[in-house]
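Undergrad: Using the sequences and the hints, build the whole thing.
As they're listed, the protein sequences go chains A and B.
Taking my numbering as reference, the numbering of the first sequence is continuous, increasing by one, and the terminal residue is 277.
Taking my numbering as reference, the numbering of the second sequence is continuous, increasing by one, and the terminal residue is 277.
Please keep in mind that the hints were generated in silico from the structure rather than gathered at the bench.
Do not take every clue at face value.
The list makes no distinction among identical chains, and a pair is therefore deemed to hold if it is satisfied within one copy or across any two copies.
What the hints assert, rightly or not - In silico SDA-like pairs for lysine to any residue, Cα to Cα no more than 20 Å straight-line: (1) K154 x R9; (2) K154 x A25; (3) K154 x Y13; (4) K154 x D10; (5) K154 x L259.
All of these numbers come straight from a predicted model, not from anything done at the bench.
There are 2 protein chains.
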Amino acid sequence: MSEVNPLPAPIASSGLVLSRARRDPTYQVSATDETGARADTTIAGEHPLTIYVDRREIVTLMTLGQAPEALAIGYLRNQRLVGSLADIAAVQVDWEVNAVAVSTHAGIADLDRRMAHRTVTTGCGQGTVFGDLMEEIDSVHLRNDVQLRQTGLVALLGLIRDHDSVYKSAGAVHGCALFDNLGDQCRMVSFVEDVGRHNAVDAIAGQMWLNDWDGSDKIFYTTGRLTSEMVIKAAQMRIPFLISRSGLTQMGHQMAERVGMTLIGRAINRHFLLFTGAHRFVPAVNGATER
Amino acid sequence: MSEVNPLPAPIASSGLVLSRARRDPTYQVSATDETGARADTTIAGEHPLTIYVDRREIVTLMTLGQAPEALAIGYLRNQRLVGSLADIAAVQVDWEVNAVAVSTHAGIADLDRRMAHRTVTTGCGQGTVFGDLMEEIDSVHLRNDVQLRQTGLVALLGLIRDHDSVYKSAGAVHGCALFDNLGDQCRMVSFVEDVGRHNAVDAIAGQMWLNDWDGSDKIFYTTGRLTSEMVIKAAQMRIPFLISRSGLTQMGHQMAERVGMTLIGRAINRHFLLFTGAHRFVPAVNGATER
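TA: Here's what the structure looks like:
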């Protein structure tokens, strides 16, 4: 289970109403192993969650349900359906009906056109609002006055290794985490797991709005592959450092080069591969001997 | 690289026109490892592919591009936009413009309504046409007169282990495979890798149409997690056996129980966990000693 509470306290000053409706992350099922022995097993939850905005059905996501309010907000943010947290009056999850009701102060202008456009650009798990994202990527400028030290990266990977997670007990989920960069150390400010890596990154995008976090000096970690979409979403959050345990794709690489992001893959314990944005990376003086 | 050609020869008798426009699966990029040494690395391709049906834009998928014609056909099949292969006159991929043009004989009736419905049910990588799929799942009847022997399963896992793959050289992709069940042996009839597991399963669905394969006695293998959507798609192909190297989710488990599918996870070499549909599974007589 995540130790980092994925939701901030309701923001009273803004009047935003938030439920805090987390699901149990894991369940027990019975299985039989190759010897014929019974092997009770922990598996990850998966729940449909239909997002309604001002009573209009938008989408059904399948989710682990660890940060459903932030997921709904981040989904609407990343789909460019809501432009600012201030537009949202309430986000209320009701697992009795697997729904999250988002109320806006003034409605969403032009929703039909936006939804229609989404239809032709939303990929089946790959190209979410790809057309929109590509149009915006060239307007993104990531900060170049921030650095990631190798010592800080290794510290970050140690925090990930030691963090309690649904993945460790049940597998079948991806995790994303957001870190403050403290030089030789890092501080985990958020950790979200979900059955799809898209949900996990969307939930963190929602948390960033809810907490008014500035991404421009943060570090984003994901267990998932570094595809074009992951790079583009990090860029849109203005995050200059993107780190993954997994590999990357050609377009992920191209997008990171295009936007000047520091992209690090295959990052486990002390090992990693630095692919792009080396100008922000500070190697350890004795890096070669620390292996 | 896949050794199994993912596309059949053009079906002259039906007059279906098919391109055969595969992309290179991997590319080389330069990286720096933790010692500061240069580490040239193989990474997986990722290409946008926009599907047009009768010149109307449907969706942009991000794909490895190993079976783009079958992917387009399988996507339209699994989204329930095309009801039969006989409706399709031509599928022509042009990587110069990252597009696949699908021509139908008589158009798609009611495309606007179908697309609109898809908008509200297509998840961001999780819940593709979830509403539609759930409606259909209860009408599926999987064959109960077929069996999977433990010896055959272990033979299948050996074929997977020995199969040359993009994953082995570049990571960052998921693989799906379809097998004939020969009792103590299995025969791989298809193997498709893609940057998203949804694409890989859709491409196999397309190949099944193209080759007129009956799924009712076949075995489906995936490297990806067994979520509700994966179980539902296998059920719609009438495939009674679904096997994964990875774990499963609660809804994947529930859906498999609901439709009576034989679901096997954590399947690597001789090891596996049998979760549901045990009535079709024949343990090895000396299963306990073979460990």
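Undergrad: A separate judgement is required for each hint: does it hold in the structure or not?
TA: Evaluation of the provided hints:
no., hint, in the structure
1, K154 x R9, "within (18 Å within a copy, 36 Å between copies)"
2, K154 x A25, "within (17 Å within a copy, 30 Å between copies)"
3, K154 x Y13, "within (14 Å within a copy, 32 Å between copies)"
4, K154 x D10, "within (15 Å within a copy, 35 Å between copies)"
5, K154 x L259, "between (24 Å within a copy, 17 Å between copies)"
Checked against the numbered hints given earlier, the structure satisfies every one of them.
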